[in-house]
Amino acid sequence: MDDAYSTHPGASPAPGSRHALHTSPANVRSFRRAFGYRAELRLMLAPYLLGVVLLIALPAGATFALAFTRYDALTPPAWAGLSNFGVIFSDRLFWIAVRNTLAFVALAVPLRLLGALALALLLNRRRRNLKFYRMAVFMPGEIPDVAYALIWLWIFNPLYGPLNNVLSSLGLLGPNWLSDPNTALLSLVIMSLFQIGEGVVVMLAGLRGIPGDLYESAALDGANAWQAFRRITLPLLMPWLFLLSARDLILCAQNTFTPAFMLTGGGPYYATLTLPLLIYQAAFDRFWFGEGAAMLLMLFGCLGIVLWLLHKRMRAWGYAGDV
Amino acid sequence: MSKSAANSNDLPVPVGRGLRTAPLGTLRRAFPTIGLFSVSVPGALTSIRQRPRRVASRALVHALSVAVAIVFVVPLLWAAAYSLRQPGLPPPTAVEWLPSPLTWSNYARIFQLAPLGLFARNSVLVVAIALPVTLVVASWAGFAMAQLRGRSRQRLALLAIVLLMAPVASLWLTRFVIYRQLQLFDTIWALVIPALMGSNPFFVLLFYWTFRRLPGELFESARLDGAGALAIWARIALPLARPTLVTVAVLCFSMYWSDFISPLLYLKTEARYTLPVGLQLLQQLDRTNWPLLMAGGVVLTAPILIVFLISQHVFWQKERLAGVAE
Numbered sequence: 001m002d003d004a005y006s007t008h009p010g011a012s013p014a015p016g017s018r019h020a021l022h023t024s025p026a027n028v029r030s031f032r033r034a035f036g037y038r039a040e041l042r043l044m045l046a047p048y049l050l051g052v053v054l055l056i057a058l059p060a061g062a063t064f065a066l067a068f069t070r071y072d073a074l075t076p077p078a079w080a081g082l083s084n085f086g087v088i089f090s091d092r093l094f095w096i097a098v099r100n101t102l103a104f105v106a107l108a109v110p111l112r113l114l115g116a117l118a119l120a121l122l123l124n125r126r127r128r129n130l131k132f133y134r135m136a137v138f139m140p141g142e143i144p145d146v147a148y149a150l151i152w153l154w155i156f157n158p159l160y161g162p163l164n165n166v167l168s169s170l171g172l173l174g175p176n177w178l179s180d181p182n183t184a185l186l187s188l189v190i191m192s193l194f195q196i197g198e199g200v201v202v203m204l205a206g207l208r209g210i211p212g213d214l215y216e217s218a219a220l221d222g223a224n225a226w227q228a229f230r231r232i233t234l235p236l237l238m239p240w241l242f243l244l245s246a247r248d249l250i251l252c253a254q255n256t257f258t259p260a261f262m263l264t265g266g267g268p269y270y271a272t273l274t275l276p277l278l279i280y281q282a283a284f285d286r287f288w289f290g291e292g293a294a295m296l297l298m299l300f301g302c303l304g305i306v307l308w309l310l311h312k313r314m315r316a317w318g319y320a321g322d323v
Numbered sequence: 001m002s003k004s005a006a007n008s009n010d011l012p013v014p015v016g017r018g019l020r021t022a023p024l025g026t027l028r029r030a031f032p033t034i035g036l037f038s039v040s041v042p043g044a045l046t047s048i049r050q051r052p053r054r055v056a057s058r059a060l061v062h063a064l065s066v067a068v069a070i071v072f073v074v075p076l077l078w079a080a081a082y083s084l085r086q087p088g089l090p091p092p093t094a095v096e097w098l099p100s101p102l103t104w105s106n107y108a109r110i111f112q113l114a115p116l117g118l119f120a121r122n123s124v125l126v127v128a129i130a131l132p133v134t135l136v137v138a139s140w141a142g143f144a145m146a147q148l149r150g151r152s153r154q155r156l157a158l159l160a161i162v163l164l165m166a167p168v169a170s171l172w173l174t175r176f177v178i179y180r181q182l183q184l185f186d187t188i189w190a191l192v193i194p195a196l197m198g199s200n201p202f203f204v205l206l207f208y209w210t211f212r213r214l215p216g217e218l219f220e221s222a223r224l225d226g227a228g229a230l231a232i233w234a235r236i237a238l239p240l241a242r243p244t245l246v247t248v249a250v251l252c253f254s255m256y257w258s259d260f261i262s263p264l265l266y267l268k269t270e271a272r273y274t275l276p277v278g279l280q281l282l283q284q285l286d287r288t289n290w291p292l293l294m295a296g297g298v299v300l301t302a303p304i305l306i307v308f309l310i311s312q313h314v315f316w317q318k319e320r321l322a323g324v325a326e
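Those protein sequence lines, which keep their order, are chains A and V.
Each residue of the first sequence is one higher than the one before, counting from 1 in the numbering used here.
Each residue of the second sequence is one higher than the one before, counting from 1 in the numbering used here.
If you're looking for bench data, these hints aren't it; they were derived computationally from the structure.
Be aware that one or more of the hints could be misleading.
[As the list claims (entries may be wrong)] Label pairs and their in silico Cβ distance ranges: (1) A:193 x V:285: 26 to 36 Å; (2) A:42 x V:104: 51 to 61 Å; (3) A:90 x V:132: 27 to 37 Å; (4) V:100 x A:99: 38 to 48 Å; (5) A:39 x V:113: 50 to 60 Å; (6) V:284 x A:211: 49 to 59 Å; (7) A:114 x V:309: 28 to 38 Å.
Heads up, the beta-carbon is just placed ideally off N, CA and C, and yes, glycines get one too.
Only chain A is shown next, with the shape it has when bound in the complex (with noise of 0.2 Å):
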């Protein structure tokens, strides 16, 4: 019965019970208990911090440094200028990788988006069986990339694949997915379409969040399912859906490393070699650290542009983030 109506999220806790700890008498009197409490926490604060510092502000810093230097892990690096982002815009492949990455990501999010949404709408309406239902969409996702990648290997083979035999015995002549330049693409993309639970769950929560009144006016209003959805659902859930847009774009951004490179090595013809894959063997194969580094940064260069214009769209809606 968890999934009956669940509370509105929007009840936060009272914020002002807090802060009336801080400035009620008793605290402002035992001041150094105060202070030798907030130093606790501080304390506790402290490995977070310190681990972000060294695990993700340092290597971020590093990188952008390292795209201007060169450098092959052996010998110290050394400055070289613009030359790095010289090199890799002359590089044909470099230019192959950023199509193939634009096209699944072009073709990945809007179509994982729009599954986890028509998933969740859908489940949103079961009462029994909800945990099943739920389960076997978010389990996908939780199988660990290679052991995901391998299974997907043998469903796309195209000899005695079950895809393939599925087809043809639909009377249908399967493509031979990851061995055709046309298809290998596509293939990942449908790969990772099945990796949309945690958005369906997200978006779940999302749909438990939207007060049930909202649809008995609309329905005292005379409004039909799709005027209801159009105008409640889809604009209730917009702080979701960018959300999830957001994250899905990193996601997709970087997540082709694995199943590119279990699945295909990059090929046929170069036709999933994307950025991460590429970065990947410029740095660890050719120990090209600079050029690795001066991709990296184009590549999150562009994200970011993407997500700040998302972010300013989202504020122009009137959807502040409040944390």
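With chain A held as given, fit chain V onto it using these hints.
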């Protein structure tokens, strides 16, 4: 299909979301439990003219849900079934639901082909170190954030969200360089060290959201009794956050157990490999022996499935989802 349609008419109709049951809406407001417990009332109140459409739509929802579940689960079941196929048989040319004869020999064979036992032990070791550290660091950080005052708390929460958005791939190269400088390269510590930052900013946020929802008076009275932050965290906050603790533990286990990229980038010695890289090694040894590779996939996946199924009832608590939604 028709059977399910007949059955579905007896189900409690989701009153609050039903769009054509306006009178029920007012009823529900008067008796909030009506949607939960009454079985016959909604059906009775629905006018006869609308009933066939409703039945049809419910049947459609039912059929679609089943179809979705099949589409999502069947590839995984296929793979699991295929792992029981006798090696050496010609591959099937038609859809094969269950191979015959069934054999477990592939599972024994993969452990002979590659030292998967050793890799599994390495994986367990990584999780055994990373999991407790993550739980402590993330819950400390979440607790401190929840206890701090307005501005700095707001900034820290924002920082965590920005970090959540930070693409991990951008850190591959320079983490490699830093690990080499710190002599962590090609040791287990290169895999474990993300635990130092709570593994994932999302874990910190989960704890923060949980602790923030606890009533402040609890902590206040403990402080008046002279308890320090660490004592309040250990004796009050953490015991009340058990569902979050379990959730983070499950997600963290899954994260380290499946991690393929870290060992691929930061390990060189085969004896230190973890199970995911071991599976890749297996693939390189025998590229087309699919039953064998599927067995490897099952071995790698099974612990995660088991952990998820065991913790299911805690994992899906609506409070947690509401916390995400907030």
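| query | Of the numbered hints stated previously, which ones are contradicted by the structure, given in increasing order? | reply | 3
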